[in-house]
Amino acid sequence: MGNHEQKDAFMKKNRRQFIYESFTGLVTMTMGPYVLGQNHVFASRSYDSKPWIELSKAAYLHNALQIGKMVGGKPIIAVLKNNAYGLGDVEVAKILEGSSSIIAVALVKDERAIALRAAGFSKPILLMGDFDSVSANTLLEREITLSIFSKTSFKKINELALGTNKAIKVALYIDTGLGRMGIPFKEAVHIGEEVAKNNRLSITHTFSTLTTPKDFAEQQIKRFEEIIRKLNGKGITTGIKHLAPSLSLLDLPKSHQEAVRPGILLHGSFPLVNRPEAKNYPLQVPYRLKAPIIRLEKLKTGDTIGFSRFYKVEQDEWIATLPLGWADGYDSGAENGAMVLLAGELYPVVNVNASHTNVSLGSKTKIRVGDVATLIGPERPEITPEGFGKLIKGHNYLQINYKESIPKKTYESF
Numbered sequence: 001m002g003n004h005e006q007k008d009a010f011m012k013k014n015r016r017q018f019i020y021e022s023f024t025g026l027v028t029m030t031m032g033p034y035v036l037g038q039n040h041v042f043a044s045r046s047y048d049s050k051p052w053i054e055l056s057k058a059a060y061l062h063n064a065l066q067i068g069k070m071v072g073g074k075p076i077i078a079v080l081k082n083n084a085y086g087l088g089d090v091e092v093a094k095i096l097e098g099s100s101s102i103i104a105v106a107l108v109k110d111e112r113a114i115a116l117r118a119a120g121f122s123k124p125i126l127l128m129g130d131f132d133s134v135s136a137n138t139l140l141e142r143e144i145t146l147s148i149f150s151k152t153s154f155k156k157i158n159e160l161a162l163g164t165n166k167a168i169k170v171a172l173y174i175d176t177g178l179g180r181m182g183i184p185f186k187e188a189v190h191i192g193e194e195v196a197k198n199n200r201l202s203i204t205h206t207f208s209t210l211t212t213p214k215d216f217a218e219q220q221i222k223r224f225e226e227i228i229r230k231l232n233g234k235g236i237t238t239g240i241k242h243l244a245p246s247l248s249l250l251d252l253p254k255s256h257q258e259a260v261r262p263g264i265l266l267h268g269s270f271p272l273v274n275r276p277e278a279k280n281y282p283l284q285v286p287y288r289l290k291a292p293i294i295r296l297e298k299l300k301t302g303d304t305i306g307f308s309r310f311y312k313v314e315q316d317e318w319i320a321t322l323p324l325g326w327a328d329g330y331d332s333g334a335e336n337g338a339m340v341l342l343a344g345e346l347y348p349v350v351n352v353n354a355s356h357t358n359v360s361l362g363s364k365t366k367i368r369v370g371d372v373a374t375l376i377g378p379e380r381p382e383i384t385p386e387g388f389g390k391l392i393k394g395h396n397y398l399q400i401n402y403k404e405s406i407p408k409k410t411y412e413s414f
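With full-length UniProt numbering as the guide, the letters of the sequence shown map in order to residues 1 to 414.
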């Protein structure tokens, strides 16, 4: 090696050594595994970088038990539509399978019904919506009950029956006045008669969905019961009869029929606030929405956050960034007063965009990158679904519709 080559090698080695010693010197002067700058904090340890949802098996089973008490022990068909409001229909169904009160689950999408069977769920599954022709044989193989909700859907299922020797379980879905789905009530008896003519079709459910106004819902109940009487009078078996979603279950005992069909009650929320049942039959919040801090910066007075500069910093403060936003199902209204729980303290949400949420930590903080925030959960009244709704002057339904891809973790209890 010549003199110039030796000199270059020496300089490279010293540069590397200088950088290494400078970095290690910086790290050793910091607090624990974190590197502190004047206006920012970043982690030198690994941490989760995405949000997740935690489910409590004990809380879900508690809620099923309480609902059973509300309806005098009537069986429950658990409605897990929209991937159980984003909480995970497979995970929630597998929990509820352990409840003797739950006799079946109901879903709206054919692929979700198939996914439940693939995950090993063994109780009956009612598909309340339509299905793709490519899914038909799989639905039959998995013994999923198909809904007849129109003349077209009846024709589709009738044709499907021609290609099988097995009896197909079907449900008569009757529109008694909601207007969005189901056989028009004036046509229900006729279609029921036509279904009964096909010995490959077995009616295992007859159901409808009630509207909110009590007076009209009572009229719907009368229509439904009249249809049942006429069908039974013709010797047609109508299977399990059910009408009541969560609100009707609470307000109209006549709607209980032979089973009830709660949705949001199972997830620990009443459909309306200040319900007297909340004291007599207290429910538990069975899930937590969590996310780690991925960025922590100290903003100066006058700085702003967001495309529209929604939040303006009044005095120097630390701002944490969480890796979820309204595209993940976290309500954008959270920036109007919602709180998150961090290290045992509540902090205000100040901005929500599609992918991120910002939280104000005040002028001084011990919070660090990688610390985990609970956005929704049972630990404090302010972060329960009801508390969240009150703070943002919204509805608890609005915060419980999370993106399917958010990972789920199931625990025995919280």
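Please note that a few of the clues may not be correct.
Said to hold, decoys possible - Subject to a maximum C-alpha distance of 30 Å in a straight line, what follows is the list of computed DSSO-like cross-link-like pairs (lysine-lysine):
| id | residue 1 | residue 2 |
| --- | --- | --- |
| 1 | Lys-197 | Lys-214 |
| 2 | Lys-123 | Lys-403 |
| 3 | Lys-300 | Lys-279 |
| 4 | Lys-393 | Lys-279 |
Rather than coming from a laboratory, the hints here were simulated on the basis of the structure. Computed from a prediction, not measured in an experiment: that's the story for all the values here.
Cross-check of the supplied hints:
| no. | hint | result |
| --- | --- | --- |
| 1 | Lys-197 - Lys-214 | violated (36 Å) |
| 2 | Lys-123 - Lys-403 | holds (26 Å) |
| 3 | Lys-300 - Lys-279 | violated (46 Å) |
| 4 | Lys-393 - Lys-279 | holds (22 Å) |
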